[in-house]
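Residue numbering for the sequence shown follows our numbering, starting at 1 and increasing by one per position.
Be aware that a few hints might be false.
[Stated by the list, open to error] Taking lysine-lysine and the DSSO-like style, the derived pairs with C-alpha atoms no more than 30 Å apart in a straight line are:
1) K15 x K71
2) K15 x K52
3) K15 x K67
4) K71 x K35
5) K68 x K37
6) K15 x K37
7) K35 x K54
For the record, the hints were derived by calculation from the structure and aren't laboratory data.
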Amino acid sequence: MEDDEPTMAKVHVFKAEMTCDGCSSAITRILDRMKDKGVESVECSLPDQTVKVKSTLDPDVLLEAIKKSGKTCSYIGEGS
1 MEDDEPTMAK
11 VHVFKAEMTC
21 DGCSSAITRI
31 LDRMKDKGVE
41 SVECSLPDQT
51 VKVKSTLDPD
61 VLLEAIKKSG
71 KTCSYIGEGS
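Work the whole structure out from these sequences, hints included.
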(Lines of atoms letter the chains of each structure in order from A and count residues from 1; the text may use other names and numbers.)
(Lines give C-alpha, C1' and ligand atoms only; values in the text may rest on other atoms or scores of the structure.)
Protein backbone atom coordinates (compact mmCIF):
# COMPACT_ATOMS: atom_id res chain seq x y z
CA MET A 1 0.00 0.00 0.00
CA GLU A 2 2.98 2.32 0.37
CA ASP A 3 3.00 3.02 -3.38
CA ASP A 4 -0.46 4.58 -3.10
CA GLU A 5 0.68 7.17 -0.57
CA PRO A 6 1.53 10.57 -2.03
CA THR A 7 5.10 11.73 -1.55
CA MET A 8 5.20 14.46 1.08
CA ALA A 9 6.85 17.70 0.06
CA LYS A 10 9.88 18.64 2.12
CA VAL A 11 11.69 21.94 2.48
CA HIS A 12 15.26 21.67 1.21
CA VAL A 13 17.76 24.43 2.01
CA PHE A 14 20.64 25.32 -0.29
CA LYS A 15 23.52 27.76 0.10
CA ALA A 16 23.81 29.80 -3.11
CA GLU A 17 26.13 32.60 -4.14
CA MET A 18 23.76 35.50 -4.87
CA THR A 19 24.93 39.08 -5.10
CA CYS A 20 21.77 40.83 -6.32
CA ASP A 21 18.07 40.48 -7.04
CA GLY A 22 18.97 39.32 -10.56
CA CYS A 23 20.80 36.32 -9.09
CA SER A 24 17.87 35.30 -6.92
CA SER A 25 15.45 35.90 -9.80
CA ALA A 26 17.47 33.61 -12.08
CA ILE A 27 17.34 30.81 -9.52
CA THR A 28 13.64 31.37 -8.86
CA ARG A 29 12.85 31.31 -12.61
CA ILE A 30 14.65 27.99 -13.09
CA LEU A 31 12.90 26.36 -10.14
CA ASP A 32 9.50 27.84 -11.07
CA ARG A 33 9.76 25.98 -14.39
CA MET A 34 9.81 22.76 -12.36
CA LYS A 35 6.46 23.36 -10.64
CA ASP A 36 4.82 20.65 -12.78
CA LYS A 37 7.53 18.19 -11.67
CA GLY A 38 7.16 18.63 -7.90
CA VAL A 39 8.40 22.09 -6.87
CA GLU A 40 5.76 23.77 -4.71
CA SER A 41 7.50 26.97 -3.59
CA VAL A 42 10.81 28.80 -3.78
CA GLU A 43 12.15 31.36 -1.30
CA CYS A 44 15.49 33.10 -1.86
CA SER A 45 17.22 35.11 0.87
CA LEU A 46 19.99 37.43 -0.35
CA PRO A 47 21.22 38.33 3.17
CA ASP A 48 21.47 34.67 4.16
CA GLN A 49 22.59 33.48 0.71
CA THR A 50 20.05 30.65 0.97
CA VAL A 51 17.38 29.14 -1.23
CA LYS A 52 14.51 27.22 0.39
CA VAL A 53 12.62 24.92 -1.93
CA LYS A 54 9.47 23.06 -0.90
CA SER A 55 9.34 20.05 -3.18
CA THR A 56 8.73 16.34 -3.56
CA LEU A 57 11.87 16.12 -5.73
CA ASP A 58 15.20 14.70 -4.61
CA PRO A 59 17.60 17.41 -3.33
CA ASP A 60 20.22 16.34 -5.92
CA VAL A 61 17.77 17.15 -8.72
CA LEU A 62 17.10 20.58 -7.21
CA LEU A 63 20.83 21.23 -6.71
CA GLU A 64 21.56 20.49 -10.37
CA ALA A 65 18.75 22.85 -11.39
CA ILE A 66 20.14 25.67 -9.22
CA LYS A 67 23.62 25.10 -10.69
CA LYS A 68 22.14 25.85 -14.13
CA SER A 69 21.88 29.48 -12.97
CA GLY A 70 25.69 29.59 -13.00
CA LYS A 71 25.80 30.24 -9.26
CA THR A 72 27.99 28.31 -6.84
CA CYS A 73 25.70 26.33 -4.57
CA SER A 74 25.56 23.44 -2.14
CA TYR A 75 22.91 21.49 -0.27
CA ILE A 76 22.62 22.33 3.44
CA GLY A 77 19.82 19.97 4.45
CA GLU A 78 16.15 19.85 5.27
CA GLY A 79 14.63 22.93 6.80
CA SER A 80 11.23 24.14 7.85
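Subject >> Holds or violated: K15 to K52, with C-alpha atoms at most 30 Å apart >> reply: Given pair K15, K52 holds - Cα atoms ~9 Å apart, limit 30 Å.
Original post:
Between K15 and K37, is the straight-line Cα distance small enough, at 30 Å or below?
Top reply: Given pair K15, K37 holds - Cα atoms ~22 Å apart, limit 30 Å.
Original post:
Does K71 pair with K35 here, judged by a C-alpha cut-off of 30 Å?
Top reply: With a Cα-Cα distance of about 21 Å, the restraint between K71 and K35 holds, given a limit of 30 Å.
Original post:
Between K15 and K67, does the CA-CA distance stay at or below 30 Å?
Top reply: holds (11 Å)
Subject >> 30 Å limit on alpha-carbon distance, applied to hinted pair K35 and K54 >> reply: Holds, at about 10 Å.
Original post:
Regarding the pair K15 and K71, is the alpha-carbon distance no greater than 30 Å?
Top reply: holds (10 Å)
Original post:
Quick one, are K68 and K37 close enough, alpha carbons at most 30 Å?
Top reply: holds (17 Å)
This entry satisfies every hint, going by the numbered hints stated previously.
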